[in-house]
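Colleague: Residue numbers (the numbering used here), protein chains in the order written: chain R, 1 to 461; chain H, 1 to 120.
Worth double-checking, as some hints may not be accurate.
Unchecked claim - List of simulated lysine-lysine pairs, DSSO-like, C-alpha gap at most 30 Å:
(1) Lys92(H) <-> Lys320(R)
(2) Lys68(H) <-> Lys116(H)
(3) Lys229(R) <-> Lys91(H)
(4) Lys24(H) <-> Lys272(R)
(5) Lys92(H) <-> Lys114(H)
(6) Lys24(H) <-> Lys116(H)
(7) Lys272(R) <-> Lys193(R)
(8) Lys114(H) <-> Lys320(R)
(9) Lys68(H) <-> Lys272(R)
(10) Lys68(H) <-> Lys24(H)
(11) Lys68(H) <-> Lys91(H)
(12) Lys193(R) <-> Lys19(R)
(13) Lys229(R) <-> Lys24(H)
(14) Lys91(H) <-> Lys320(R)
(15) Lys24(H) <-> Lys320(R)
(16) Lys92(H) <-> Lys116(H)
(17) Lys116(H) <-> Lys91(H)
(18) Lys68(H) <-> Lys114(H)
(19) Lys114(H) <-> Lys24(H)
(20) Lys68(H) <-> Lys92(H)
(21) Lys116(H) <-> Lys320(R)
Hints are computed from structural coordinates only; laboratory data are not their basis. Computed from a predicted structure; not experimentally measured.
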Amino acid sequence: MDGKSKLTLGAALDHFIPKAMLVDAEQHRRARMFMLSHAFGPILGNSLPVYLFLMDIVRDYRVGVFFLSITAFWAYPFLLRATGHYRLLAFISIQNLASCVLWACYAFGGLLSPFLPWMLIIPLLSFLYLPSVGWIRNALLAQLVCNLGLLLYICLGGVALPPVDLGELQVIGLVSMGAVAIYFAMMALYFAKMFHEQREFGRELNALVSSSDNLRNLTSAAEQAGAAKAEFIASMSHELRTPLNAIIGYSQLLIEEAADEGDIDGADDLGKIHRSGSNLLYLIDHILDYSRIEAGRMPINARAGRVASEHLSWRDACSKLPEPVELIWRGGAHDAQPLVTDWTALGAIVTNLVASLCATTSGTRSIAVTMHRGSEGAFSLEFASLGRAESDAKIDLSAEIFDNADDVSPTRYGTMGIESALALKYIHLLRGVIEHGPKAHGSLRIAFPPIEPDSALERAA
Amino acid sequence: MTLVLVVEDNEMNRDMLTRRLERKGLAVECAVSGPEGIRMAGEVMPDIVLMDVALGEMDGWEATRAIKADPRTTHIPVIALTAHALESDRKKSLEAGCSEFETKPVDIERLIAKIKFLIN
């Protein structure tokens, strides 16, 4: 039998408690107390009339009424389950107990009755079953005063008490006191347990509050670090690009001048400077874009455009990659229709994916791109290498990069790593999904959902 | 001869771009800030303006808006030069009144093609 199906005392008690009370810890605790005392109280209480009967001390209607008034407590759990009126039943139960004690005092000696100490249990149980607030508290106190008044009336000669031999009740008096003591001990233990649980709860709550404060501080520190990083990136972007632009521009100028003067060797050396500068700028651009997207500083600017014309700039960019690639556009029949997207981001996806896909193939550096238009502005791009896959291991590496975007770095994967990682960041920025194509052809398919025009959304990928 | 006004605050970029344009047979005038670019556009009446967008206190977009707001210079096409090809930069450039958008380092052949297209 597993833990869930195991019948525990708590589960048995909860069976009778209304569901509305189970969800509130305070009400649940009170209802549990009510159930516990109604389940076991009659066993303890009935020890008294049973003793009277068995010991042949009293064997008439008085014992019968006493026995029945105690046994009646077993009906309350069923009444609670049937009606759900906890508060009303609690008041009736308290009155039932008071009536029981009043009867025992009337029938067995008045103020000298050995059952008088049970009167002490009434206020105790009253405020265990019901909260000490507002009209409930006042009603319980009024009920207690009325019962005490009735007790005094009965015991001080208001009614004629039946004859009883008090000498024969001495032993039952001890039993009664013992039962009261046991009852009080049970209550005390229960309270001790509750107190301990509340103290533990308080400690856990304090620990949680402390953890929450720590988390808040860490989040704040992370946000400050993110803002500082974004600011650093923004300033570094300008500081790095300006001198690189000068290196690239002047080298290009000098190449042109050297070519004019017929200095072929000089032009060749200058070409190396120019290519190195361009490659460095290419890498820096990728790293800065990656960081910008990660910092949530890359806005999406969607506009309507036509793939038929936009793809020309992609083809141009692919031809100027550090390792140039031929982009072969295989547009579908719907290419002439306007499409709303962030065309700059889409261009970055295309060029970076083309570059990384080419790194997985050999024989040719040509990538065919096909567009598929979906409904309501959704679309997908399919990239297929026209070369043969260089090796399964390299294709697997490519797949690993796309599957683990957070674990890529140029250090680990070389240039292909940063190109793939940046492509993924841009794809996530546009909420696209990469679907791997047939492994043998090194192809990929990316699906994009519709984007609203002029979206001001800024998302971190 | 086509007269190009280059508005660029970085001395090396300004010098490099001037020399490359002159090598292609264009006449070049330079301004080092947005306000100077606005003033010179009115004075020299260039055929086209190449406007760096990161110019310090008055950026290139604001300077372009001022050139376009002046009836004397409103007809002069402006090509925005930015360090990076962000869609947001492109959008800002077009909204400011720029006719074209080019990233640095410039591809001189493509830039010349755009200049010819715009002034014709």
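Colleague: Compare the structure with each hint and give your call.
Modeller: Outcome of the hint check:
{"no.": "1", "hint": "Lys92(H) <-> Lys320(R)", "result": "holds (26 Å)"}
{"no.": "2", "hint": "Lys68(H) <-> Lys116(H)", "result": "holds (20 Å)"}
{"no.": "3", "hint": "Lys229(R) <-> Lys91(H)", "result": "holds (25 Å)"}
{"no.": "4", "hint": "Lys24(H) <-> Lys272(R)", "result": "holds (23 Å)"}
{"no.": "5", "hint": "Lys92(H) <-> Lys114(H)", "result": "holds (19 Å)"}
{"no.": "6", "hint": "Lys24(H) <-> Lys116(H)", "result": "holds (12 Å)"}
{"no.": "7", "hint": "Lys272(R) <-> Lys193(R)", "result": "violated (82 Å)"}
{"no.": "8", "hint": "Lys114(H) <-> Lys320(R)", "result": "holds (19 Å)"}
{"no.": "9", "hint": "Lys68(H) <-> Lys272(R)", "result": "violated (42 Å)"}
{"no.": "10", "hint": "Lys68(H) <-> Lys24(H)", "result": "holds (27 Å)"}
{"no.": "11", "hint": "Lys68(H) <-> Lys91(H)", "result": "holds (16 Å)"}
{"no.": "12", "hint": "Lys193(R) <-> Lys19(R)", "result": "holds (24 Å)"}
{"no.": "13", "hint": "Lys229(R) <-> Lys24(H)", "result": "violated (42 Å)"}
{"no.": "14", "hint": "Lys91(H) <-> Lys320(R)", "result": "holds (24 Å)"}
{"no.": "15", "hint": "Lys24(H) <-> Lys320(R)", "result": "holds (22 Å)"}
{"no.": "16", "hint": "Lys92(H) <-> Lys116(H)", "result": "holds (23 Å)"}
{"no.": "17", "hint": "Lys116(H) <-> Lys91(H)", "result": "holds (23 Å)"}
{"no.": "18", "hint": "Lys68(H) <-> Lys114(H)", "result": "holds (19 Å)"}
{"no.": "19", "hint": "Lys114(H) <-> Lys24(H)", "result": "holds (13 Å)"}
{"no.": "20", "hint": "Lys68(H) <-> Lys92(H)", "result": "holds (14 Å)"}
{"no.": "21", "hint": "Lys116(H) <-> Lys320(R)", "result": "holds (23 Å)"}
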